[in-house]
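J.: Here the structure of chain B is known, so what remains is to put chains S and E in place on it, guided by the hints.
Chains as they are written, first to last, in our numbering: chain B, 1 to 267; chain S, 1001 to 1387; chain E, 2001 to 2125.
Don't read these hints as lab results, they were simulated from the structure.
Treat the hints loosely; a few may be bogus.
With a Cα cut of at most 25 Å, we get these calculated DMTMM-like pairs of lysine to aspartate or glutamate [stated by the list, open to error]:
hint : chain 1 : residue 1 : chain 2 : residue 2
1    : S       : K1004     : S       : E1254
2    : B       : K77       : S       : E1280
3    : B       : K128      : B       : D141
4    : S       : K1222     : S       : E1278
5    : S       : K1375     : S       : E1231
6    : B       : K85       : S       : E1268
7    : B       : K62       : E       : E2123
8    : E       : K2035     : E       : E2109
9    : B       : K128      : E       : D2074
10   : E       : K2007     : S       : E1003
11   : B       : K85       : S       : E1280
12   : B       : K254      : S       : E1278
13   : B       : K128      : B       : E106
14   : B       : K128      : E       : D2064
15   : B       : K77       : B       : E106
16   : B       : K62       : B       : D74
17   : B       : K77       : S       : E1278
18   : B       : K128      : E       : E2119
19   : B       : K128      : E       : D2105
20   : B       : K77       : S       : E1268
21   : B       : K254      : S       : E1268
22   : B       : K77       : B       : E216
23   : B       : K85       : B       : D48
24   : B       : K85       : S       : E1278
25   : B       : K128      : E       : E2060
26   : B       : K85       : B       : E216
27   : S       : K1083     : S       : E1278
28   : B       : K128      : E       : E2109
29   : B       : K85       : B       : D202
30   : B       : K254      : S       : E1254
31   : S       : K1153     : S       : E1311
32   : B       : K62       : E       : E2076
33   : B       : K77       : E       : E2060
34   : B       : K62       : E       : E2119
35   : B       : K128      : B       : E79
36   : B       : K62       : B       : E256
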Amino acid sequence: MAASRRDFIKLAGFSVAGLCFGGPTGCATTAPVNGQGTAGKRWALVVDLRTPCPEGCTACMKSCNLAHNIPQWDDIKHEIKWIWKEPWEHVFPEQVHSYSTAALRELPVPVLCNHCDNPPCVRACPTKATFKTASGIVAMDQHRCIGCRYCLAACPYGARSFNWLDPRERLEEQGAALSRDFPTRTKGVVEKCNFCSERINDDASALPYCVEACREACSRHGREPVLHFGDLHDPSSPLLALLRESGANTIRRKPEIGTRPHVFYLV
Amino acid sequence: MLEKAFHGSYRYWSLVGILLLVLAIGAIAYVVQFFTGLGVTGLSRDVSWGLYIGQFTFLVGVAASAVMVVLPYYLHNYKAFGKITILGECLAIPSVLMCMGFIFVDMGQPTRILNVFLHPTPNSPMFWDTVVLFGYLVLNVVIGWTTFGAEAKGIAPPGWVKPLIILSIPWAVSIHTVTAFLYCGLAARPYWMTAILAPRFLASAFSAGPALLIILSLVVRKYTKFDPGREAIQKLGTIVTYAMAVNVFFIALELFTSLYSNIPAHMEHFQFMFLGLEGETSFITPLMWFSSFVGIVALVLLLFPRFRRNETILAWAAGGVFFSLWAEKGLALLVTGYIPTPLLAVPHYAPTIVEILISTMIWAFGFLVLTVLYKIVTSVREDLEQV
Amino acid sequence: MFYDAGKIFTGLAIFLVGATFPFWYAMAAGKTAYKPEPVFPTSTSQCVESTEQMIAGHMEILDDWRNEVVRRSDREPIEINGTAYPKSLSRGCGNCHADQTQFCDRCHEYAGVSPYCWECHVEGD
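With the rest of the complex left out, here is chain B:
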């Protein structure tokens, strides 16, 4: 209690000071950082598209939906998506030209929250319900979210979803077996990919559900997985080696807006 009161007074002080110096300027470069337990790490994900996903594979999406109690809505307007696939030409419109083949244009590319170094959603949130953890994850505090959806407007990647209707009711309607390891959400709050922070932070060998499912699915196809996950602050991390080895063929979505995404695409 004492700590939160101190935080409040500190913030009130900053707010007054901010008012004197002309509002939100100067806050742009530093997103609030919470968390000590996982300090020093920098989680990141690599999507290796050098060999595209097996045709029609939805393993990553399915395992994520199941593990995180994500309901499936019939109405496209109410969709909740943490990881899903979009055609190449919509993900990297700047990489398409008049001579691009239809196969490239329509190539399904997995997309998810980029867990930016400099996330616009975190800057926008009026209650710090979305924030950055010490290990680089853009996290959601669903207890605190007021459902204003400013973060949906701010996200340049369309990675956020809002619970337009009661997700729990929908899950029960679908007859889905609820995972006890992860809460559902309530109506009126925003949600997004959390890099499976509920499992990766404690267990060094654990992977996000999507990456794990991708591995299994790809090994069934006798090939290397598309999704790779790791800690970029660990000099011995295979992920870092993968990024370095692919050199200039590593691209990110909209790097020009300075969000510094931590989902990398190898092409």
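T.: Same frame as chain B, but now just chains S and E:
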């Protein structure tokens, strides 16, 4: 003064009754939305703000526009605005209340709205918007109450209110600037991310707000014995003309920069708005053509002093300006900003009946507050003139 | 005797009826004061704090856990007498207090509070 609100004509009570009825119907719609979720609106994952936030944005402008009567009267001692200033302040109060109402009904978790103050977040423009709007409401209530209370008693207003009045002038500019910052700081939405958004907001506010005030003044003069004054109404007409001309100029600047530069991300939004995109034409396209036409015609009428001096034409032109800006800012601004989406989809959005009923409820609430405030002002003025 | 006595006493009477209504309502419904009886787990009598402290302060403990886990990524379990308790409503508390209706709800209903934990957290089965 408040007792004046409880003694009125049959016409006054009928108006109050009708507004209360609309409020009650809207309240039922809100109960439905509260218990079902915002899924009862036309909003979606891709167009996540719509009618509610559009109305909020438009009304912040109407609220801020009170400065257009306060500034000439108090800073330049422009006597002709002596009677109309209180009408401007009494328009700002219900406008801010409606803004708050629209924000409230847009919340997914309205019961947690105080989290904005429990966890203040200076890096969010939305936090600042809440702060400046509350401040503006308090300023206007205190200023209006004190100055008009003094006038009713036939004494000079207390000295301490003058600094507050001076403060309310930049404060009015600040509420609309911060509202523009909500949008123009988002790299995700090229249509909004323009440095000219705040000036554009102010220009459209300073035409739409005084335009409404012209209509309200004419109504007040027609139905009560209180006359805000022909000179004041004419001067408002001049203000609307200049502000609307600047607003049209700003929009032309936007169009030039977006279209001449030929950057797809910037052009596509205008394409969607005026032509439709990828075969998807929403109600925004006909609305924008119609409202642009109405806006231009109104501006042309206003530009000629001969037309402007005719109060019937002035009233129609003011109505045209108000409608045109309401369509542009209250609807098109929001929807167009979201389409195409960051993933280049062209989603469909149209407000639902529930959404429209709830919005009507808030407008009815605003008009109710406005009616009561104007009733008090006109009754006090009528009494003063009889003495 | 009093100015406007009729109005004053009518108003007072309405207030008294309104204020005491819950008592009359409970009596009419035949539901008088009772002691809530939450069902305690039989497997263990050990919790993260003493029973008294849990009764008085479980909501604060849960709130602290929530902040530690959600906001500070600190999932270090609570260890008491060699047993590790995860800081989790479903996987921590729920391991012993498996049935929410037999435990949480008993007192919450009595106290007339309706926390929204179970709107999201999935109860143990």
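J.: If a hint holds in the structure, say so; if it doesn't, say that too.
T.: Hint by hint, here is what the structure shows:
The suggested pairing of S/K1004 with S/E1254 is violated, with an alpha-carbon distance near 48 Å, which exceeds 25 Å. Taken as a hint, the B/K77 and S/E1280 pair is honoured in the structure, with Cα atoms around 16 Å apart against an allowance of 25 Å. Among the hinted pairs, B/K128 with B/D141 is consistent with the structure: their alpha-carbon atoms are about 8 Å apart, no more than 25 Å. Restraint check for S/K1222 and S/E1278: not satisfied, since their Cα atoms lie roughly 50 Å apart, outside the 25 Å limit.
For the proposed pair S/K1375 and S/E1231, the alpha carbon gap of about 22 Å is at most 25 Å, so the pair holds. At roughly 23 Å between alpha-carbon atoms, B/K85 and S/E1268 fall within 25 Å of each other, so this suggested pair holds. Between B/K62 and E/E2123, the direct Cα distance comes to roughly 23 Å. Compliance with the 25 Å bound is thereby established for this hinted pair. For the hint linking E/K2035 to E/E2109, the alpha-carbon distance of about 11 Å falls within 25 Å, and the restraint holds.
Proximity of B/K128 to E/D2074 is assessed by CA-CA distance (about 18 Å); at most 25 Å being required, the pair is judged to hold. The hinted pair formed by E/K2007 and S/E1003 meets the criterion: a straight-line CA distance of about 21 Å does not exceed 25 Å. Taken as a hint, the B/K85 and S/E1280 pair is honoured in the structure, with Cα atoms around 23 Å apart against an allowance of 25 Å. Of the supplied pair hints, the one linking B/K254 and S/E1278 holds, its CA atoms being roughly 23 Å apart against a limit of 25 Å.
For the given pair, B/K128 sits about 37 Å from B/E106 by alpha-carbon distance, which is inconsistent with the 25 Å threshold. Of the pairs offered as hints, the one joining B/K128 and E/D2064 holds, with about 17 Å between alpha carbons and a cut-off of 25 Å not exceeded. This hinted pair checks out: B/K77 and B/E106 have alpha carbons roughly 23 Å apart, not beyond 25 Å. With a CA separation close to 16 Å, the supplied pair B/K62 and B/D74 stays within the 25 Å bound.
A threshold of 25 Å between alpha carbons decides the hint, and for B/K77 with S/E1278 the separation of about 19 Å falls inside it, so the pair holds. Using a Cα cut-off of 25 Å, the hinted pair B/K128 and E/E2119 holds, with the two alpha carbons roughly 22 Å apart. Of the supplied pair hints, the one linking B/K128 and E/D2105 is violated, its CA atoms being roughly 31 Å apart against a limit of 25 Å. Restraint check for B/K77 and S/E1268: the C-alpha separation of about 22 Å stays at or below 25 Å, so the hint holds.
Annotation: proposed proximity of B/K254 to S/E1268 holds, straight-line Cα distance about 17 Å (limit 25 Å). In summary, the hint linking B/K77 to B/E216 is not supported, as the alpha carbons are separated by about 32 Å, beyond the 25 Å threshold. Between the alpha carbons of B/K85 and B/D48 the distance comes to roughly 14 Å, so the proposed pair stays at or under 25 Å and holds. A distance of roughly 21 Å separates the Cα atoms of B/K85 and S/E1278; the hinted pair therefore holds under the 25 Å criterion.
At roughly 20 Å between alpha-carbon atoms, B/K128 and E/E2060 fall within 25 Å of each other, so this suggested pair holds. Our distance criterion of 25 Å between C-alpha atoms is met by B/K85 and B/E216, whose separation comes to about 18 Å. Our distance criterion of 25 Å between C-alpha atoms is broken by S/K1083 and S/E1278, whose separation comes to about 53 Å. The suggested pairing of B/K128 with E/E2109 is violated, with an alpha-carbon distance near 32 Å, which exceeds 25 Å.
With a C-alpha separation of about 29 Å, the suggested pairing of B/K85 with B/D202 is violated against the 25 Å cut-off. Between the alpha carbons of B/K254 and S/E1254 the distance comes to roughly 23 Å, so the proposed pair stays at or under 25 Å and holds. About 33 Å separates the Cα atoms of S/K1153 and S/E1311, which puts this hinted pair outside 25 Å; it is violated. Between the alpha carbons of B/K62 and E/E2076 the distance comes to roughly 29 Å, so the proposed pair goes past 25 Å and is violated.
Proposed proximity of B/K77 and E/E2060 is contradicted: the alpha carbons are some 38 Å apart, above 25 Å. Restraint check for B/K62 and E/E2119: the C-alpha separation of about 23 Å stays at or below 25 Å, so the hint holds. Of the supplied pair hints, the one linking B/K128 and B/E79 holds, its CA atoms being roughly 24 Å apart against a limit of 25 Å. Of the pairs offered as hints, the one joining B/K62 and B/E256 is violated, with about 32 Å between alpha carbons and a cut-off of 25 Å exceeded.
Checked against the numbered hints above, the structure violates hints 1, 4, 13, 19, 22, 27, 28, 29, 31, 32, 33, 36; every other hint is satisfied.
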